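Each chain is listed here by its residues.
Number of protein chains: 2
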Amino acid sequence: MSKRKSASLCARKVSSLLLGLTVASTLVFTSAVPSLTYAASATALSKTATGFSAEKADWQLEYEQTFAQLVKKESLARYSKDLSERSSLVGSPGNEANVEYAVRELKKAGLQPEVKTYHVYMSVPKKISVTQTYPQKRELQVIEKLPKGTKHANEIVPGYNAYSPAGEVEAELVYANYGRPEDFEELEKRGISVKDKIVITRYGANFRGVKPEQAAKRGAVGMLMYSDPADDGYIKGLVYPDGPWRPADAIQRGSILYIFRYPGDPLTPGEPSTPDAKRLDPADADSLPTIPTTPISYGEARSLLEAMEGEEAPESWQGGLPFTYKIGPGQTRVKISLDIDYKQQPVNDVIVRIPGAKYPEQMVVIGAHRDTWVKGTSDDLSGWTATMEIARVLGEMAKKGWQPDRTIVLAGWDGEEYGLLGSVEWAEDEREELTKNAVAYINMDGLGGQFFGASAVPSLKQLVYEITKEVTEPRSGMSIYDDWYLRSGRKEPAIGKLGSGSDYTPFIQHLGVPSLDMGFGAAGGLYHSAYDNLDAMERFTDPGYEHHAAGARLVGMTALRLANAEVIPFKYSDYAADVRAMLEELADKGTLGVDLSPVIAQAQEWQAAAAALEEKAANIIEDGVTEEEYGDLAKLNAALLQQERDLLKPEGLSGRPWYKHQVWAPGLTTGYAAQPLPAIAEALQANDPAALQKAAEKLKEVLAKAAETARSVK
Amino acid sequence: MSKRKSASLCARKVSSLLLGLTVASTLVFTSAVPSLTYAASATALSKTATGFSAEKADWQLEYEQTFAQLVKKESLARYSKDLSERSSLVGSPGNEANVEYAVRELKKAGLQPEVKTYHVYMSVPKKISVTQTYPQKRELQVIEKLPKGTKHANEIVPGYNAYSPAGEVEAELVYANYGRPEDFEELEKRGISVKDKIVITRYGANFRGVKPEQAAKRGAVGMLMYSDPADDGYIKGLVYPDGPWRPADAIQRGSILYIFRYPGDPLTPGEPSTPDAKRLDPADADSLPTIPTTPISYGEARSLLEAMEGEEAPESWQGGLPFTYKIGPGQTRVKISLDIDYKQQPVNDVIVRIPGAKYPEQMVVIGAHRDTWVKGTSDDLSGWTATMEIARVLGEMAKKGWQPDRTIVLAGWDGEEYGLLGSVEWAEDEREELTKNAVAYINMDGLGGQFFGASAVPSLKQLVYEITKEVTEPRSGMSIYDDWYLRSGRKEPAIGKLGSGSDYTPFIQHLGVPSLDMGFGAAGGLYHSAYDNLDAMERFTDPGYEHHAAGARLVGMTALRLANAEVIPFKYSDYAADVRAMLEELADKGTLGVDLSPVIAQAQEWQAAAAALEEKAANIIEDGVTEEEYGDLAKLNAALLQQERDLLKPEGLSGRPWYKHQVWAPGLTTGYAAQPLPAIAEALQANDPAALQKAAEKLKEVLAKAAETARSVK
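Taken in order, these protein sequences are the chains called A and B.
The first sequence runs 1 to 714 under the UniProt record's numbering.
The second sequence runs 1 to 714 under the UniProt record's numbering.
These are calculated hints, taken from the structure and not from any lab test.
These numbers come from a predicted model, not from an experiment.
A few chain B residues that face chain A, going by a derived Cβ cut-off under 7 Å, partial list only:
(1) Tyr234
(2) Ile235
(3) Pro322
(4) Arg475
(5) Ser476
(6) Met478
(7) Leu486
(8) Pro543
DEER-style ranges, computed between Cβ atoms:
(9) Leu592(B) <-> Ser597(A): 52 to 62 Å
(10) Gly590(A) <-> Gly590(B): 36 to 46 Å
(11) Gly496(A) <-> Pro282(B): 53 to 63 Å
(12) Gln331(A) <-> Glu701(B): 53 to 63 Å
(13) Gly330(B) <-> Lys616(A): 42 to 52 Å
(14) Gly149(A) <-> Ala494(B): 44 to 54 Å
(15) Gly590(B) <-> Gly593(A): 42 to 52 Å
Here a beta-carbon is modelled for each residue, glycine too, at the ideal position from N, C-alpha and C.
Only chain A is shown next, with the shape it has when bound in the complex (with noise of 0.2 Å):
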């Protein structure tokens, strides 16, 4: 009767379901949530397809059934077991072999995998080394204690970040807490220099890229990076293996090139790495860093930072091991050494296409990352089976005949962990055809879970709403949509900006193709470490695979959507309505005496063009399209494609070309996290009136040209 034991309370309403055209059905994918029959309750999921007549619609949302039954859990469950056994870790043994069997495999299904490859240049680790030197002298573990005959072994990759440059340092420690510009400016209002230092970071926060980057700046000689338990250890839950949090041992490998530079082989920014591409010397490229770093475990993190002295660090930089932090410098003394070759190695990108009938050049994007740090069941194989599972049932469907009318394209990108090379490397090789009959990307990275969330353009959040009411929320047997409404507390659930961090970024960012990131979270700490493995995913994460297969669901769906919608369901009305809101809280702050209101009115005037195109959209598809009608389509879906294009700026932004767009991008000191209208934001926390004058004229110019676009339909 212990109170304690009572659940915490969270009520809240369940949304307008049954909203829209709803569409009887008989389609019930099986819940994991046991004795509940939910053939009674099909009906809740609703059923609308935007962008499709009534009488296509009845054929469309029969394909979306058809390819939604043969999804097979087991199948995913197979993948995620075979794909497992071996470290897919870009360039190794294990990564190869995992191509061949996904060749294999989606040649079973009757399709023609082709494998992509690019010749990056990268860092591949022989010896990486950290000693504490002083007080006492201690070599640190670099890899995790695995238990004795795991599979494998030494296919593991050490603890290591990517792309840090080769070199031995010795000095002492400064503490940095997340190693973010506003910690670097706590230091030196306290009068600590990190200059001749090597710093130590934790976790968290922003990109771990941005942490080196800072350090450097102000001259630090290295840098140590540990995940804290306070962040995703012991103080968030039980450790793998009795839980899903991060054990003592766990390493969080990862990359450090600075991908909010530009992401992609390091030495052909912008341009594909053939074999005869033209290179940049390694010295001129701006997004390799420059100071030793590399990351350990919070179990040998520990002895160091309890040696240190100095002042005590401020509240909010104290974590979770047993003692008060200190900021040093003085009493630790490391030494990191680290030997790391540079070399091109090849980047094997899987793809897969499943050709449209009727506009077969246009093309509908899949894409999930096929390479992982060690096993990476969870980072992400779980995306990457899911596109193999989509890619094996279109392959199925397609020997019965069923077509999709724009071709759709699968992709299982390599060496995404070092720094979306595979992505970013085909993006900038297909660049000419995707800026032309690209209609939108859309990513997986992180689908084994239970927690549904997405990032997406603007224009794309009715559709993600649309998809996510049709499909069942093994959890919870309602539907995606409710299940997401119901956690979220809102009116509306939130749909996430993109920033950087996975490989929708050379999609939105650099070419201006829509894109759209789904997946499930899951409450663990085991992220880039040798415990993102096949037991954590069928104890913790995902057990059964039900959610790979809501996912897969999902994305395929939403995929067989955009393919074959009359008119492509973007709601470019809503984009420029975020557009204007976002000036608007910007304009709020203060503007520095630069006059915003002719972009924000250029804003509203987009969203009228754009509301207008939507109209006329909804009257040619209401009574079912006639043939003279197809040409006025036409135009309309190139105009609806060209909006986001427009959006782009071919010289990029200031200082970083390769990020063209003038809406999104990664922040230049969160690295992962989205920095809208980045332009007018970086001018404004400059203090810098011109600058800002020239960003405003600069994203007035591409509003008005998609708005323009917009217009030219008649």
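Fit chain B to the supplied structure of chain A, relying on the hints for placement.
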């Protein structure tokens, strides 16, 4: 590299570790965190013993550490496994078998357990039946669908509410959210009557007994309660057996006895249920519920709720089932048919004493309930096995000559789940002894888990902080205090107020024995279902029994501290300050013209008197206690015991004479949650200045008495 998986960031200050008197120690409890060697960190645990002279503190800390080292998780695991074999439902054969097991085990440790039997009027379910009679006829499942081969499955009691009256009712359903007064007021506002209806409510937000009482008041003829998946089911996470959340067939059993009026045998309020006790006519027992009430699972609630008509329920009433909840009445009819016997049944408390050497008459009582609903591995075998382990270790230590100064009493309460039966009857039975000599009561209800929490009278706050600094949190390897602190986000982790819902109630609220409830919570929703079992404990709640062991150490050490202190470590200046703060908070919201300043001043006066007494105590023991000071100490300790007793009024609270404490009571419409200063709060709520005036005077009297007691020590 997906950012979805990067951990949420929580960074707070690690507390002032190493506070106070630090004693070197070689004691290290094995930690669940692999590969962190905690030998190096033993100094992170601080050792302070308030109430002990320096010389005696050394002996005490050695005593505690010897105790702590002897507590074994293996022993706890064995008890847990053995006792989880059968159900320990009060009055059942499994319960009796488990008494015999405990007695046998405790005797092995050289102890002399006593079984105290009371004869309590209670409900015995014969047949529970719920039928949907319209729009379709359907018999509902009233027990979990356990896998074939489940051992002792015939002993599993169906889902039922203890103390529901027997009877058969059939009526239309009305949905009333959580069944709180405000929920019924919302119905009234909408003109929806529950008269002659069956009310369906969800579990949560209050003690379940409040729900049928509120419904009965308004003329309802029956009640169904179900666990909504938004509260502790699939919306929260994976359900059992995939995860720890409530599956569709799991039923929350539970008593609906009106324990907020008085707990224990409904026929013998205030007196023990001895065979010859004077008993009320059940018709006169105002703790007995009046309308047939029974619980169902969400798998079964679904078809009832889904078929309902009438208005849409408000936003905050919507739960996690996949449709819009309606209020009714209309469409759904239900028949509840409860064949429940009422008879006297035995309630068997297991009591063990470790006699004190110096003050054998003074008692520190430790207790946990040994009855369960089904297997109850978490609720509350976790607490009871820890009680047994503390007893076992103290028994072993006694053989080697370690004897506490005061007597330690360890109790396994029976019938807690039905309404605190065993603890209430024993406390009533031992009233005289306890009133005179009980130093404190320490309760454990839910010890298996991962996150520490405590509720206590304010005089025990410092002791809780002190002891939690001395025991290692197995999840994190830091002290329990620091782990708790780090998670709390406050300057001091909060200690809860004592309401009701577990066995501390008779001690604090009926007898004025300073009480403390400690344990470890965990995420999950298997509460009172057949799935609170060994498997769930060992896979999700406390793998390895590390927290069972930490809890046993913590409680045992607290008891030893209280048993051996030269000055019992109660800080009444904290208590008085809290009372004053609660009064000021109430006064800030308006006092109906009544002047509360005299009672506030009285609290302040008590605070000063208590602080003076604490200073006196510190002075006495500062340089060691001399023979001639023993008399002073005895008086001082008597005054410390007395101050809590001073807060009682023999006539009790208005309308509920059993509840004698003037500062703490369970809320009349919450049932579990504490209602501090109940008379004043209720008068304010009722807008009754005369009652408020009277309540303030009464409170002033008890505070004056406590102040006088504090001052009485010369």
